[in-house]
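A.B. asks: Sequence:
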Amino acid sequence: MKPTLSLLLLAATCLSSHAIGEWRVLKDGEGGQIRARFEGVQKDKYLLRRESDGKLFEVSPGMLMGEDRTSFDAQAKQLSEELAKLSKMAGYALFSGTPFEVRQASEIAAVLHLDQESKTKHCASWRAYTGDSYRLFGARPYSVALYADQEGNASILSAVFSNKGDFKSTMGQGEKHFEGKSEADEASLAKAMAADEQTVLSSITAALGQPKMEHFGDSRKTRKKVMRWDWNGHSLILSNQEGEYVSLSIVPLQLADAGGKTARVKDGDIRKQLAEDIVKMDNGDVYLGQIPMVNQGPKGYCVPATFERAMRTAGIEADMYLLAMIGKSGMGGGTSVEYLLDEVRQQVRSKGRRTEDKSVKELRVRDVKGYIDKGIPVMWTMRSLKPYNETANANTARRSSVVDWPGWAAEIAAKAAEVVKQESEQDAHHICMIVGYNEKTNELAVSDSWGASYERRWVPTTVANWASSGGLFMILP
31 MKPTLSLLLL AATCLSSHAI GEWRVLKDGE GGQIRARFEG VQKDKYLLRR
81 ESDGKLFEVS PGMLMGEDRT SFDAQAKQLS EELAKLSKMA GYALFSGTPF
131 EVRQASEIAA VLHLDQESKT KHCASWRAYT GDSYRLFGAR PYSVALYADQ
181 EGNASILSAV FSNKGDFKST MGQGEKHFEG KSEADEASLA KAMAADEQTV
231 LSSITAALGQ PKMEHFGDSR KTRKKVMRWD WNGHSLILSN QEGEYVSLSI
281 VPLQLADAGG KTARVKDGDI RKQLAEDIVK MDNGDVYLGQ IPMVNQGPKG
331 YCVPATFERA MRTAGIEADM YLLAMIGKSG MGGGTSVEYL LDEVRQQVRS
381 KGRRTEDKSV KELRVRDVKG YIDKGIPVMW TMRSLKPYNE TANANTARRS
431 SVVDWPGWAA EIAAKAAEVV KQESEQDAHH ICMIVGYNEK TNELAVSDSW
481 GASYERRWVP TTVANWASSG GLFMILP
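All residue numbers for the sequence shown refer to my numbering, where the first residue is 31 and numbers rise by one.
To be clear, the hints were calculated from the coordinates, so they are not data collected in a lab. Think of the CB as a built atom: it goes at the ideal place given N, C-alpha and C, for glycine as much as any other residue. Misleading hints may appear alongside valid ones.
What the hints assert, rightly or not - Simulated pairs of lysine-lysine, DSSO-like, Cα-Cα distance not exceeding 27 angstroms:
1. K254 with K151
2. K149 with K399
3. K115 with K75
4. K291 with K242
5. K381 with K404
6. K445 with K399
7. K310 with K445
8. K242 with K85
9. K255 with K151
10. K107 with K73
11. K445 with K85
12. K470 with K451
13. K416 with K404
14. K242 with K254
15. K255 with K291
16. K296 with K404
17. K302 with K388
To be verified - Label pairs and their in silico Cβ distance ranges:
18. Q72 with A427: 45 to 53 angstroms
19. S110 with Q146: 29 to 37 angstroms
20. K404 with S454: 45 to 53 angstroms
21. N313 with Q146: 27 to 35 angstroms
22. K470 with A288: 42 to 50 angstroms
23. R375 with E88: 17 to 25 angstroms
24. E88 with K404: 17 to 25 angstroms
25. Q284 with S454: 45 to 53 angstroms
26. K416 with T292: 36 to 44 angstroms
27. A123 with S232: 19 to 27 angstroms
28. S232 with R375: 18 to 26 angstroms
29. T100 with S232: 33 to 41 angstroms
30. Y122 with K416: 26 to 34 angstroms
Based on the sequences and whatever the hints tell you, model everything.
C.D. replies: Here it is as structure tokens:
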């Protein structure tokens with residue numbers, strides 16, 4: 031019979047083995063055997079991994095005997111010594127004796143001083159746009175992002191060092207993004223990227239030795255040559271994408287072994303999840319309540335940030351920095367929707383999903399209702415003009431105290447009529463998500479990739495239409 035976790039623990043005193051590379055053949059008292067290897071320490075227990083299914087299980091050191099105890103004790107001692115060295119090189123107590131996949135992301139976020147960016151029923155994320163004094167492996171990351179799965183375990187840590195979106199940028203965050211500019215040039219960016227890569231490379235090599243050269247990524251366009259180190263269930267991936275960015279990712283060993291290719295989520299599971307995430311209120315509001323937030327920060331990454339949010343909602347892993355590279359963004363981070371759409375379509379197809387895009391001359395509730403009713407967010411091209419934002423901010427702030435909804439509908443319609451009399455400038459081009467509607471008040475709920483304050487703003491459809499560029503794009507289950 032195949033040994034279960036409880037059986038393994040109960041029979042640990044009877045375990046015997048012989049070494050086969052990194053794996054050991056463990057035999058239990060009933061004659062069964064498994065191949066397992068040491069994967070770390072959790073409190074006072076050793077963590078072992080079964081080769082057959084990749085699952086982790088715990089064993090108390092005192093329950094091991096002979097060569098098993100000797101081998102695992104030696105590995106635990108070596109791990110402790112390497113852990114201290116790694117933490118010193120990183121500048122933070124970033125690493126643990128526990129493999130990355132079963133580490134609580136909130137603990138890592140606290141160590142790295144990351145603020146929570148998003149939390150839904152299905153995932154969570156933390157992010158920091160750092161200052162000049164922040165150092166990770168000796169270099170300044172402009173952005174540090176951490177993602178967690180449904181159980182709160184870390185799934186990926188991503189630090190982006192010198193890059194064309196952040197380097198020498200004076201752009202603001204949120205609505206103020208359109209007020210700044212990038213002062214970077216290709217030569218100065220290349221010099222900064224080379225310096226950052228060398229600093230991080232030297233720090234990690236001093237702790238873990240020389241890296242392996244591999245290719246990593248989930249699609250043809252996103253696959254890149256990287257340097258890889260493995261340590262105690264953590265894979266460190268260092269990448270320098272010429273003219274784009276230098277990044278360091280820490281991922282579970284299994285993801286690195288798969289070359290960065292993530293598993294496909296079943297269509298039926300996603301459709302069920304999307305439907306369950308729809309919120310319907312008594313006042314007529316219908317909106318999507320579990321859209322992950324991605325804060326694009328002080329750069330023109332509204333396109334890749336919005337696409338990352340939509341892809342993650344559809345069960346497809348994505349990263350706005352990789353998407354920005356595909357979109358052929360210029361210095362400062364502006365991204366071409368056309369280039370990016372081609373890659374998104376390819377990635378979506380590879381995960382068994384479909385895409386749909388269309389252009390509307392006049393934006394109305396009925397253009398988005400059918401998608402929202404299925405739990406699908408609608409990406410929308412528009413112009414983030416001052417009258418639009420003032421209307422969205424003011425209306426959203428007042429909505430929580432509204433009692434007379436027919437009166438509210440009449441009030442906002444009158445104010446919207448004044449807004450749309452103004453000339454609509456061809457400026458501040460932007461993309462965001464329509465995540466809800468209210469047919470009774472003729473409003474749309476709009477979500478911008480600018481952080482929690484912009485998760486859901488309500489705007490009259492007439493004002494949205496006034497600011498609209500007319501493009502809609504959806505990822506369908």
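A.B. asks: With reference to the structure, classify each hint as holding or not holding.
C.D. replies: Outcome of the hint check:
no.	hint	in the structure
1	K254 with K151	violated, 32 angstroms
2	K149 with K399	holds, 25 angstroms
3	K115 with K75	holds, 22 angstroms
4	K291 with K242	holds, 18 angstroms
5	K381 with K404	holds, 19 angstroms
6	K445 with K399	holds, 24 angstroms
7	K310 with K445	holds, 26 angstroms
8	K242 with K85	holds, 25 angstroms
9	K255 with K151	violated, 34 angstroms
10	K107 with K73	holds, 14 angstroms
11	K445 with K85	violated, 60 angstroms
12	K470 with K451	holds, 23 angstroms
13	K416 with K404	violated, 32 angstroms
14	K242 with K254	holds, 14 angstroms
15	K255 with K291	holds, 14 angstroms
16	K296 with K404	holds, 16 angstroms
17	K302 with K388	holds, 25 angstroms
18	Q72 with A427: 45 to 53 angstroms	holds, 47 angstroms
19	S110 with Q146: 29 to 37 angstroms	holds, 31 angstroms
20	K404 with S454: 45 to 53 angstroms	violated, 31 angstroms
21	N313 with Q146: 27 to 35 angstroms	holds, 29 angstroms
22	K470 with A288: 42 to 50 angstroms	holds, 48 angstroms
23	R375 with E88: 17 to 25 angstroms	violated, 44 angstroms
24	E88 with K404: 17 to 25 angstroms	violated, 43 angstroms
25	Q284 with S454: 45 to 53 angstroms	holds, 50 angstroms
26	K416 with T292: 36 to 44 angstroms	holds, 40 angstroms
27	A123 with S232: 19 to 27 angstroms	holds, 20 angstroms
28	S232 with R375: 18 to 26 angstroms	violated, 40 angstroms
29	T100 with S232: 33 to 41 angstroms	holds, 35 angstroms
30	Y122 with K416: 26 to 34 angstroms	violated, 41 angstroms
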